[in-house]
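Asks: Each chain, written out:
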Amino acid sequence: MKLNPFFKFLNIAILSFIFFSLKIFAIENIDERVKNLTLELRCMTCQNQSIYDSDAEFSNDIKKIVKRKLQEGKSERDIKKFLVERYGEYILFRPLMNYSNIFLWSFPFILLIIGLFFVLIKTKTKKA
Amino acid sequence: MSSLVGFLSLVFAIGINFYLFLSRYIFKFQKQKFNLFIRFSSLLTLLSFFSLIYAYVVSDFSNYNVFQNSHSNKPLIYKISGTWGNHEGSMLLWLCILSIFSFFFSFTKNIEDNFQKLTLIIQAFLHILFGLFIVFTSNPFLVNSILVNEGLGLNPILQDPGLAVHPPILYAGYVGYSIVFSIAIAGLFQNTDDEWIYVAKKWSLISWTFLTGGIALGSYWAYYELGWGGWWFWDPVENISLMPWIAGLALVHSLMMVRGEQAIKKWIVFLSILCFSLSVFGTFLVRSGILTSVHSFAADASRGIFILLIFFIVTGFGFLVFLLKEPEKSNALNLLFINKVSALVINNILMIIATLTILLGTIYPIIIEVLYNKRISVGGPYFNSTVIPIMIPGFLLMSIAPILSWQTNKINNSKKYVLAFIILSVLVILQSYFLDFNTWGFVGLLLGFWIILASIIAIFSSYKIKINIKFFKIINPHVAHIGVGIAIIGITCSSVFQNELDFNLNEGDRFNVNGKTVLFEKIETTNEINFQSLRGKFLFDTGKNQSKEIEAGKNYYPVSKMITSEAGILHQWDKDIYFILGDQKNNEWFVKVLINPFVSFIWLGVIIMMYSGLIAVSRR
Numbered sequence: 001m002k003l004n005p006f007f008k009f010l011n012i013a014i015l016s017f018i019f020f021s022l023k024i025f026a027i028e029n030i031d032e033r034v035k036n037l038t039l040e041l042r043c044m045t046c047q048n049q050s051i052y053d054s055d056a057e058f059s060n061d062i063k064k065i066v067k068r069k070l071q072e073g074k075s076e077r078d079i080k081k082f083l084v085e086r087y088g089e090y091i092l093f094r095p096l097m098n099y100s101n102i103f104l105w106s107f108p109f110i111l112l113i114i115g116l117f118f119v120l121i122k123t124k125t126k127k128a
Numbered sequence: 129m130s131s132l133v134g135f136l137s138l139v140f141a142i143g144i145n146f147y148l149f150l151s152r153y154i155f156k157f158q159k160q161k162f163n164l165f166i167r168f169s170s171l172l173t174l175l176s177f178f179s180l181i182y183a184y185v186v187s188d189f190s191n192y193n194v195f196q197n198s199h200s201n202k203p204l205i206y207k208i209s210g211t212w213g214n215h216e217g218s219m220l221l222w223l224c225i226l227s228i229f230s231f232f233f234s235f236t237k238n239i240e241d242n243f244q245k246l247t248l249i250i251q252a253f254l255h256i257l258f259g260l261f262i263v264f265t266s267n268p269f270l271v272n273s274i275l276v277n278e279g280l281g282l283n284p285i286l287q288d289p290g291l292a293v294h295p296p297i298l299y300a301g302y303v304g305y306s307i308v309f310s311i312a313i314a315g316l317f318q319n320t321d322d323e324w325i326y327v328a329k330k331w332s333l334i335s336w337t338f339l340t341g342g343i344a345l346g347s348y349w350a351y352y353e354l355g356w357g358g359w360w361f362w363d364p365v366e367n368i369s370l371m372p373w374i375a376g377l378a379l380v381h382s383l384m385m386v387r388g389e390q391a392i393k394k395w396i397v398f399l400s401i402l403c404f405s406l407s408v409f410g411t412f413l414v415r416s417g418i419l420t421s422v423h424s425f426a427a428d429a430s431r432g433i434f435i436l437l438i439f440f441i442v443t444g445f446g447f448l449v450f451l452l453k454e455p456e457k458s459n460a461l462n463l464l465f466i467n468k469v470s471a472l473v474i475n476n477i478l479m480i481i482a483t484l485t486i487l488l489g490t491i492y493p494i495i496i497e498v499l500y501n502k503r504i505s506v507g508g509p510y511f512n513s514t515v516i517p518i519m520i521p522g523f524l525l526m527s528i529a530p531i532l533s534w535q536t537n538k539i540n541n542s543k544k545y546v547l548a549f550i551i552l553s554v555l556v557i558l559q560s561y562f563l564d565f566n567t568w569g570f571v572g573l574l575l576g577f578w579i580i581l582a583s584i585i586a587i588f589s590s591y592k593i594k595i596n597i598k599f600f601k602i603i604n605p606h607v608a609h610i611g612v613g614i615a616i617i618g619i620t621c622s623s624v625f626q627n628e629l630d631f632n633l634n635e636g637d638r639f640n641v642n643g644k645t646v647l648f649e650k651i652e653t654t655n656e657i658n659f660q661s662l663r664g665k666f667l668f669d670t671g672k673n674q675s676k677e678i679e680a681g682k683n684y685y686p687v688s689k690m691i692t693s694e695a696g697i698l699h700q701w702d703k704d705i706y707f708i709l710g711d712q713k714n715n716e717w718f719v720k721v722l723i724n725p726f727v728s729f730i731w732l733g734v735i736i737m738m739y740s741g742l743i744a745v746s747r748r
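Protein sequence lines, in the order shown, are assigned to chains W and G. The first sequence begins at 1 in the numbering used here and counts up by one. The second sequence begins at 129 in the numbering used here and counts up by one.
It is worth saying that the hints were derived from the structure and are not from the lab. Computed from a prediction, not measured in an experiment: that's the story for all the values here. Where is the CB? At the ideal position from N, CA and C, for every residue including glycine. Check before you lean on any hint, since a few could be wrong.
Which chain G residues stay away from chain W? Per the calculated CB distances, all over 12 Å, these [unchecked claim]: (1) 162; (2) 238; (3) 265; (4) 366; (5) 437; (6) 473; (7) 689.
Quick list of in silico lysine-lysine cross-link-like pairs, DSS-like style, CA-CA up to 27 Å [unchecked claim]: (8) G:720 x W:69; (9) W:67 x W:81; (10) G:644 x W:35.
Assemble the whole structure, with the sequences as input and the hints as a guide.
Replies: Printed below as a string of structure tokens:
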């Protein structure tokens, strides 16, 4: 079956998308990094609010700690590890990608693969 | 007195439903008489609910529920909305809306008598389940054992016009799926013709429209009342309302598909049961208190277990009937590489995956806490990186789906679309190259504009433009998709391109926001009926010697000793300027200003979606 021009074009779009995505690896400044990191941390004294959004005392302390550690050259992974040791995994809005959470992270993609198979099996290749 | 009337009419209404439920097997009613009973029990439930409202309006503190949740010096609207601002009252509202749906359904014409009866019997069954739940575990008509002349007050965060109407509309959506559920089960039992599918379509569209409105009101409330500058937080309570919404969206689309394909019947029944199950499950999660902590569940286990029981009965019964009485197999799906049916099937699959992912993410912390006694969070970042990528191919398909044909895999006028897509992508690439680039911003803008553009091309190239009602009905699917596109642009811009400015200010200071001068006039404190307010007054220069006043501050509610933040929002068509007044430190006020571009597009998109939901109800 000949590809529809629409899909041909979709390929080009995806390629250019990937090309532009490379730009996200550009270096961000320190405040940007603090923002990105604290957006993924839970304010332990608030109701379902991120540390970045919150002005609670707890959050302001954590923001300072995060900033200081980033300036010291610690990686985000180190900072998260430090915070988890201190406050528990509850502080992370993005659950760790480890063995115990493997089901949580793989579930959507398992479903996606099952769905894809379903469609492929059911699809007729010849024209009606 | 009103409590007694309320309780008796509630019990009586449940009694009538019991009678009807048993009567099906004992003797046959005539249709007229049967409907009369149904309507009478609905009116009784309504009476019960209104007597509770009455108790709230007159601040009858001899009712324990009123004493716990109301206060005599509240504005009237919050006395009324206080009725459903608590667990017991909101469950009665749930039941009341269930009755209203039965009431209106009993007037449906051109469906078979027995089918209608069976549907209403299932509704009666649900009424009994939830009625007993209210009577035994959440009775709002209990008598206060002590004499008091003042109540404890309503949670101040709920004292807001948006949240006063949010629960009834949201519940109308949730509970509306009960009718769809009943229709689907009745359709399985009787398996006559396909007439039930059209009836189900109408009711599922109504429910979906209500649910959309309810969710939008809720998030609009979160936007201006919580004062965090966002409008969606992937909070468990929000996720719970989103699940039946997405499943309901899949249902509506599948019901559209029936016109072209018969094989999808089984899937429709499955989705109908799923939607209502998710609604009941959501009620369970919210009402049992299990969301905040597994331990709060233990404090009030009877309620939680009762709703869990109802959930298992409803879901178990639904899926059991589904398995035992599945619709007879008709011809296989006509799935070509890309025609209308396959596009809808793929979209349905994606929607269900999204629903299940949200479900897992929402209950995962509970599972982990029960299994390992460890608390973890699954928040926004998880959902953003799983649900959104899953939905993107769906959005892409959506943009072309209405113009695909039912039978072949030919796209009409495909050259026009390709050309439009090329021009659009160049524009978006240029935009993101010269302004700040952000992956999600790029994807979102491209998708949103593409959906709108493709829909407009489809309207202009496929139909003759006429201005009459029939034309608007024909182009309705495209209009709905334009609404989605507009909402996607709003969502993308307001979340990705949000700008934050922080200031430390004295009264009388001038500062710069987006190139405009803002004057921090003064701080003002006033005493209102039931709260004290602290307001920072700002004058925002809108140019041409005109300025707009913005007030941002906090309210203190002495009755419940709570402080709420009140954001000041300047709405413009292309952006919201969002003022948050922080604390005072060293004689300086901390002021946070957020610039949220194109937030209004989200609400506009939602309104368009609701509009086309309503139009679709009237279209067969």
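Asks: Between residue 67 of chain W and residue 81 of chain W, does the CA-CA distance stay at or below 27 Å?
Replies: 15 Å, holds
Asks: Need the status of pair residue 720 of chain G, residue 69 of chain W: alpha-carbon distance at most 27 Å?
Replies: Within the cut-off at roughly 25 Å; holds.
Asks: Sort out whether residue 35 of chain W lies within 27 Å of residue 644 of chain G, counting only the CA atoms.
Replies: 26 Å, holds
Asks: Would residue 265 of chain G pass as off the interface with chain W, using Cβ distances and a cut of 12 Å?
Replies: 26 Å, holds
Asks: Verify this label for me: residue 366 of chain G is non-interface relative to chain W, using a Cβ-Cβ cutoff of 12 Å.
Replies: 9 Å, violated
Asks: Are all C-beta atoms of chain W more than 12 Å from that of residue 473 of chain G?
Replies: Per Cβ check, residue 473 of chain G is inside 12 Å of chain W; nearest 7 Å; violated.
Asks: Are all C-beta atoms of chain W more than 12 Å from that of residue 437 of chain G?
Replies: 27 Å, holds
Asks: Taking the minimum C-beta separation from residue 238 of chain G to chain W, is that value above 12 Å?
Replies: 33 Å, holds
Asks: In terms of Cβ atoms, is chain W entirely out of 12 Å range of residue 162 of chain G?
Replies: Per Cβ check, residue 162 of chain G is outside 12 Å of chain W; nearest 42 Å; holds.
Asks: Minimum Cβ separation between residue 689 of chain G and chain W greater than 12 Å?
Replies: Residue 689 of chain G clear of chain W: closest Cβ-Cβ about 17 Å, beyond 12 Å.
In summary, the structure is inconsistent with hints 4 and 6 from the numbered list given earlier, while agreeing with the others.
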